[in-house]
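Enquirer: We have chain H already, so just place chain W on it with the hints.
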Amino acid sequence: MAKFLLPILLILALPLRATEVTSTVSANPVGTEDTFQLTINVDGYDGDVEFPRSFSIPDFSIVAGPSTSESTQIINWKVSRSISEVFTLSPRKAGTFQIPSFKVQVGGKIYRTQPISVTVKKGSLLSQRPSRPRSPFDMFDDNFFNPPVVTQQPVTADSLFIRCELSKAIAYVGEAVEVSYRIYSRVNIARLGIQELPDFTGFLTEDLGQNHLIDRKRMMINGVAYNTAVIFRKIVFPTKTGRLPLPQPVFSIQVGNPNSFFPGQPIQRKSQSAILMVYPLPAPQPAGFSGAVGQFQLSVSVNQDHVKMGDSITATVVVSGEGDFNTIPLVFPESIDGFRVFRPSSPKLEREPANPLRGKKTWKVILVPQKMGTLVIPGTKIIFFNPVTKKYVTRVSGSIDVSVEKGSATPENILPGTSGNEVVAVGKDIDYIRTGAAPDRFVDISESTWYRVSMAAIPFIFILLGFFLRWRDPSRRDPVEYRRSHAAALFRNRISQAAKFLKKGKGRDYYQQVSKACISYFSDKWNRPVLDLKIDEIARELESREVPPDLIKAIVDVVEYCDFESYTPSNNALNRDIMKDAESAVSKLEKVL
Amino acid sequence: MKNWIVLLLCLSSFASASDINALYQKGAAAYAAKDYDKAIKLYGDAASELAARGEKSFDLMYNLGCASFRKGDLASARLYFEEARRIQPLNPSVKRNLAILRSRLSDKIKIPPAGAVENAYRHVYQSIPYPVLEGVLLFFWLLVFIFTGLLISGRFSRKPLYYGLGVSLIFLLMVFGLANSRAGELTRREAIVFQPEVEVFSEPSTSSSLLFRIHSGTLVGLEGEQSGFVHIILPDGMNGWARKQSFKAIR
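Taken in order, these protein sequences are the chains called H and W.
Sequential numbering of the first sequence, starting at 144, is according to this note's numbering.
Sequential numbering of the second sequence, starting at 2, is according to this note's numbering.
Take these hints with a grain of salt, some might be off.
BS3-like, lysine-lysine: derived pairs with alpha carbons at most 25 Å apart [as the list claims (entries may be wrong)]:
1. H:K383 x H:K533
2. H:K571 x W:K109
3. H:K696 x H:K668
4. H:K533 x H:K504
5. H:K246 x W:K35
6. H:K504 x H:K524
7. W:K160 x H:K734
8. H:K514 x H:K451
9. H:K383 x W:K35
10. H:K571 x W:K72
11. H:K504 x H:K311
12. W:K245 x H:K252
Derived Cβ-Cβ restraints for the label pairs, each shown as a range [claimed, not checked]:
13. W:A115 x H:E590: 27 to 35 Å
14. W:A250 x H:P172: 37 to 45 Å
15. H:P258 x W:P132: 47 to 55 Å
16. H:D572 x W:M175: 54 to 62 Å
17. W:A115 x H:P427: 53 to 61 Å
18. H:R235 x W:S228: 32 to 40 Å
Computed footprint of chain W on chain H; a stretch qualifies when at least three of its residues, placed anywhere within it, have a C-beta under 8 Å from a C-beta of chain W [stated by the list, open to error]:
19. 183-194
20. 579-589
21. 642-656
In short, the hints are calculated from the structure, not lab data.
Virtual Cβ for every residue (Gly too), placed ideally from N, Cα, C.
Bound conformation, chain H alone:
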């Protein structure tokens, strides 16, 4: 028995792990072109875990993460959990750097990790990922779950790398330079992606349409053949002088046969570094220089040089060549004598697919002649800096004569006024802050006590006030006066009773109730006992009060009809209209009496 109990007791006696917070790196040392994982791990926690929120690590860039993983263990019948956050880091330069201590809050208590010293060497040290260890259960070693494509193609720093290629190594401020990230590979690549778009600090940039596997070719480097392709490219325009480093984006690459069901393990590769040397533009800069750097040609043409007055002609301004087209403004006169000028809202920029630095920028300007004769479109010019000759160049277009004949339009019916331009947005930015002596105030009055008390008290106050006024109503204290003033209301109550009889089909009761309601109305109105009132007497009284005869006849007819019907019951259907006639007559009498 003791043989069985001893191991169980020993297991139960094992101590539980206390909360432990650690930070680890996946590799040390690492290369400047490598990426590695930083893991902040919390073991044996109980309660909420708060990892450090946004933070930065000097000398390293966080290229991905955090991704969180969690695991649970049961020891001594108690649940012990561990959780970790993983960041992917990329070194910024070579040297020995420290990853600082992190503060992690576990169940309200603060824990700190130990700082880690990481050695960063130039180049790539993590060239080959360790292959998956063979499973002890893989008895047949048939390599089914570890496809041969990975093991047969070891990924070293030489077999797969990415270079940043510049169209020129030296440039002037504002000069267009094409930056291409080209992958060199001696292994099969199944999938390719960029971790994070690079930040081109110190440059203005222009996107180029296609950014995946262009310009594929086979290249020889030191006698070794590589398959290469441009995987990301941009046109950049340096905005400052000096040695400007280009960003080194990190690409995620899945090595393996793209057609295989098992494309292999993903790896990350950082682009090799590249520097662009940027010189300032020579001084002094000529007047009218807009900052355009490159080699350009200018041409201005019109679609017709013989027009009738009022007909429009199109002038086409084309700047073609190589360089930064964004800095070239429309060089066409804002106003021309004899023409109304409609300047375009935006130009059309076309780049050559083979060489995106080359292209042409076209503006279409509409001109409407406003007088007859030979009108002149004056010549124009652009000034730019040519980085090849290292000189400022001026290109001039000649003037164009346009012959204008008399047409259907006359100078009078052509709209007068100066030619206007559409306002063109040249940039985007947020609106400015609000200023003034004091900020506005927003108060939600529904949250205030007085508002809630008012909403709750109003029904009680006014309903109680209504009952109080009703109770204090002097007419209710004098029954005679009350009956007189409420005769019509009392009549309606009695008529509603008659309606119930009508519904039940009690004809006799119905007619008696209608008759009684009419007589009682006059009884209430004149404070006379019902038994004393006969319809003849009522008619006479009404006559003496100068009530219109048709109204007297109406009420008399109602009462007499009801009396007749109540005492001589017939099998005919009940007369519903008599009740309405009675109500109508009383309603009219109420206005007269």
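Expert: Only chain W this time, still in chain H's reference frame:
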């Protein structure tokens, strides 16, 4: 003695108001001098002072958003602009700034377009300041019970009172609908992502299926909360569970 206490209370209230105004003006000066950290601190202090009194300020939230944007903290800028938009939903500056800010975020979420009737209704209740809506609601509530009280008293002709009661009730219901919609916007549970990347799972556990990832500055709706996770929903309807600490709620 009582009068003195009242006077002191009034004076302290004025002093505090002038403090807020001074902070506001200093914040504007710091912003103009491109000292955005200082501007955020000053505007933040003024906003805290107001919050202690149960008040908010569109100007302060808007300016905090601008300063955070200039500093490059897009998540904070989004939070402040969204808070400003709750106070003045139709303010054109906030709309423009939010459009520019959204264009710089990595998550592009398509918002399904609303119908013309819904847009018109929303425009109506957003164009009326919320305190005005609340005041008008109180007025019609008062009117309804004045007519009810007069009817109960039985002293006056009933017909005009019935008409008055009917019209007041109709207006009360209309204003209540508008105020309720606006209050719903003001108290809507929304938050901004404050971590570079947040993973969203199918259940409140990291061991469940990973559905999608969202990034800093994205606006999410909050539906529920469980064991350190919140149930989030995106404007396009995608939803899941993410860690609560990754978000800051819009107040």
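Enquirer: Honestly, which of those hints from before does the structure not fit?
Expert: 5, 16 and 21
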